[in-house]
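*Asks:* The primary structure of each chain is shown beneath.
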Amino acid sequence: MSNNKYLVNLTVNNKPVSVEEGTTILDAARKLKFKIPTLCHHPDLHVAGNCRVCVVEQKGARNLVASCATPVSEGMEIYTNSAKVRESRKHVIELLLSEHNADCTKCIKNGRCELQELASEYRVGDHVFLDLVDEKDKIPDISSPSIQKDDSKCIRCQRCVRTCSELQAVSALAVVNKGDEQRVSTFLNKPLDDVVCTNCGQCVNRCPTGALTERAYLDNVWEAINDPSKHTVVQTAPAVRIGLGEDLGVDPGQRVTGKMVAALKAIGFDSVLDTDFTADLTIMEEGTELLTRLKEALVDNNESTKLPMMTSCSPGWVKFQEHMFPELLPNLSSCKSPQQMFGPLAKTYYAQKKGLKAENIVSVSVMPCTAKKFEAERPEMRASGYQDVDYVLTTREMAMMVKQAGIEFESLEDQNYDSIMGKSSGAGVIFGATGGVMEAALRTAYEIVTGEEVPFKNLNITPVRGMEGVRDAQITVKGAKPEWSFLEGATLNVAVAHGLANAKKLMQAVKSGEKEYHFIEVMGCPGGCLGGGGQPIPTSQEIRDARAKAIYDEDADMPIRKSHENPEIQAIYNDFLGEPLSHKSHDLLHTHYKPRKRY
Amino acid sequence: METAEAKNFKKVDIIFECQDCKPIEVLDTNLERKPDDIILDIIDSGLKGRGGAGFPTGLKWKFTKNETAEPKYVICNADEGEPGTFKDREILDRVPEKVFVGMALCGYSIGAKEGIIYLRGEYNFLLKDLNKKLEKFNKQLKDRNLDFSISIKSGSGAYICGEESALFESMEGKRGEPRNKPPYPTTEGYNFKPTVINNVETLVYTTMICNLGPDKFKELGTKDSRGSKVFSVSGDTPIAGIYELELGMSLSTFVEEFGDGDTKSVQVGGASGHCVPRKYFEDTIIGFEGIPTGGSMMIFNSTRSMYNVLHDYLEFFTEESCGQCTPCRVGCQQLLKGIEAVKRGERKPSYLDDLKKLASNMNLSAKCGLGQSVANPFNSIVDNFREEIIY
Ligand SMILES: Cc1cc2nc3c(=O)[nH]c(=O)nc-3n(C[C@H](O)[C@H](O)[C@H](O)COP(=O)(O)O)c2cc1C
Ligand code: SF4
Ligand code: SF4
Ligand code: SF4
Ligand code: SF4
Ligand code: FES
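Those protein sequence lines, which keep their order, are chains S and V. Going by the working numbering, the first sequence wraps up at 599, each residue one higher than the last. Going by the working numbering, the second sequence wraps up at 391, each residue one higher than the last.
Hints in this document: simulated from the structure, not taken from any laboratory. Backbone N, C-alpha and C define an ideal beta-carbon position, used for all residues, glycine too. It is possible that part of the hints are untrue.
Not the full set, but computed from the structure, chain V residues with beta-carbon under 8 Å of chain S [unchecked claim]:
(1) Asn138
(2) Gln140
(3) Asn180
(4) Gly338
(5) Ser365
This is chain S alone, in the form it adopts within the complex (with noise of 0.2 Å):
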């Protein structure tokens, strides 16, 4: 950790403790175990020092100092429950309360609020200040299917501003005007539906009141499993897996596949099936598209086909695409995303073999992930002639219905899938981490390709696993079959990114040729959709390394570790789709994308 670094020696609460220097007062007292609050500060994004909640005593200062951003000096003093610090921090509370629309049991923050936890904890409910509500703010935006923002919950921290800019570099959402009309707003205080948002959620997930939260559809969910008309289905992305625990009760990076499952069970789903298939199935009609695509490119010059191939499974990547870089849309694979591919195949191929009409149907996703439901509700999304998806529910949702039907999660006994659609390979799996989808690719292009396994120990691709926000890698082919001998002694390059300020960077690169990829794999969410939207929070690196850690170990304790060789998948073609990019495929599994205004 010394790389340079000087160490500084200062005391907190009269406790000497050395650190180097540039770290914050706060980090020092966390290292001491004094707990500071925040409200403005997240791991994740640049200080900001707004709020003010975390101010602590600097001996021989005239005024408090923001903890969060204030660098230790040598021989600092710092005391952080001093009267002072106790009575300016409620304050700072008392006037969040002041201007805030606590109605906290209508709220879907309840319990799970930082402000409230703070307003809790310093006992305020006497406080003295007049009433600031604005009443116009009272209205939520809910013009988008995925977020929902109420600004008479919004306590200015700008978390939202600096994920939507530093981590997003969508920046939807701003600071517009100043004193007693200062807000957070989309351009032109426009409905969110109408702006450059992706609908990722990752503001969301770091909103640390109610202000923004997912549009919550558990009622509607909850009325289609009480109808005995309807068949229910659900399917759970990857990485619902590896994140609906932290939500009841279990630390971050636990599997909870089996538990998971027979919760949704005991909740009253007619058929448990899993994403993981349909992200199986994804690669089998993607790979198939990439060697195509390499193919018309390569071989036959054919102008109109785009490399790089670019992956289209993270609808809040696909949005962003279409309003930052529409001349790329070419480039993006018209696959669907597993989610959208099971939809139209649960109405189609699942009711011919379960005998069911797809009208009664009801189709419901658990994702870890707010842009799926704006995608869900897309007009190219009716293959099957109804909405393929019915109702997209997030992780966080999910957990709330687990609570909401009295079950015990950790006592529960694990359940497997229902069958069809129901069975993955490890492949499947790892979509739900950076990288992932690129490795499940891999694993089966070139074997179909070669006939061989990919050159990695135990099929692991790790020069594209890791959480470095692009990495790019080399893959060389050797020993191509005859029908693919155009590519025997080609090296492929590929990239990845996550989170959409990475993903800008990599296409300002591609497009001005200072790189030249085949195939270029983008997750909208930091992490990937173990970082997504829909998760539980609080997120931070740490719980998103943990996640990933979870997802590698579920794939490496799969039997199948390859899309091309799940039975069910194999099953798929030969009963139903024929092959991959067949004619039915393109009907149910592919689409095309739009471009969109930037403002």
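Chain V with the ligands: place on chain S using the hints.
*Replies:* Here is chain V with the ligands on its own, set in the frame of chain S:
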């Protein structure tokens, strides 16, 4: 209040005088000196910033000079947004070359190549003339082989953009919100590079110190408040206007000169300053040992309602707070609505004590000088004119 001995009333003519001082000649003589010697002179003079915070100017230059990062900048703060202040406008109108020379000498001393004047949006009428003069001045610099040039940036029209770090943000094209400190501008200012930011008036004094020598400057004022300063006198006075006065006089001397015979209080230092009632005039020294001022002196006579005065200030702060930090954004609104509630009888008079506590906590915990200083007018007016607030 301080009981240091007060100076007599004395009008001075350093800033605006033009007989003995040709600014460009001041530059020429001083360019022959070593940068460090210039800085030492400014330190020796005891000059403190005239923009409000009163930081020793020479030290600011020295700290910036000692930084290794490049490039460095010299910024002239001409945002002049404090209600009741209009002296920088007058200076830029009448003796802009003195400001330019101060900037050039600063640039020469600290090793900066670029100087920028951040001009208050409302002063755009000065732009044409200033640019013309700057064109000539920049050419003069070039003729002297001094690698320094000055340009003007037009302000955004918000009071908070006069706060130095918000000013940098605004100049960088961002929203004018104050930054966390440290780091201070001398290490990370404009474009996060070492920057000297000085008030218009401060820069003129640096020119004049380089012209007259620090000793001449030190002859004026007191130990803590060297020299003279330009005051913007307004309110209930028959002779409103701009006056350069020696620092260290008592407020009673000041009121004798400028009052209308019926002065009830003086707001020293603009909306963010202190309100001094008649009974303290004698004991209040105008200067850093007493009540410092960025230059604004607002005189109120007995016909004024101090409730209205305070109400106006609070409205001003409620609107001009950048809004980012809780104590200031919400605190200002609570103070404003709070005195209204007391006035209407919806809150007990004792609520004023809660509000005073709030103002004091805003002083302790707000992020920048704006929120920190609201307690100055609030507590001084409530303490001294409580009846007027309640009834
Ligand atoms: C809210 C606020 C507004 C300010 N406005 C001005 C201003 O208009 N002009 C100015 O010179 N300094 C202003 N200041 C002070 C500057 O932040 C800074 O201290 C000053 O420009 C430094 O110059 P000096 O050392 O020459 O005084 C303001 C400070 C605050 C907190
Ligand atoms: S955001 Fe928090 S404090 Fe506000 S109403 Fe919701 S739960 Fe209560
Ligand atoms: S959902 Fe994503 S894109 Fe939309 S405002 Fe939030 S962070 Fe920005
Ligand atoms: S919406 Fe949430 S994250 Fe954004 S400023 Fe308001 S409280 Fe903070
Ligand atoms: S004190 Fe006021 S002006 Fe200064 S940063 Fe805070 S809100 Fe903005
Ligand atoms: S947590 Fe430090 S100011 Fe908000």
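*Asks:* Next step is simple, just say for each hint if it's right about the structure.
*Replies:* These are the hints, each one checked on the structure:
The interface hint given for V:Asn138 is broken, as the beta carbon of that residue sits about 35 Å from the closest beta carbon of chain S, more than 8 Å. Interface hint status for V:Gln140: violated, as the beta-carbon distance to the closest one in chain S is roughly 40 Å, over 8 Å. With a cut of 8 Å, the hint placing V:Asn180 at the interface with chain S holds, because the nearest CB-to-CB distance is about 4 Å. Nearest Cβ of chain S to the Cβ of V:Gly338: about 7 Å, under the 8 Å cut. The hint holds.
Among the interface hints, the one on V:Ser365 holds; its C-beta lies about 4 Å from the nearest C-beta in chain S, closer than the 8 Å criterion.
Hints 1 and 2, counting from the list given before, are not met by this structure.
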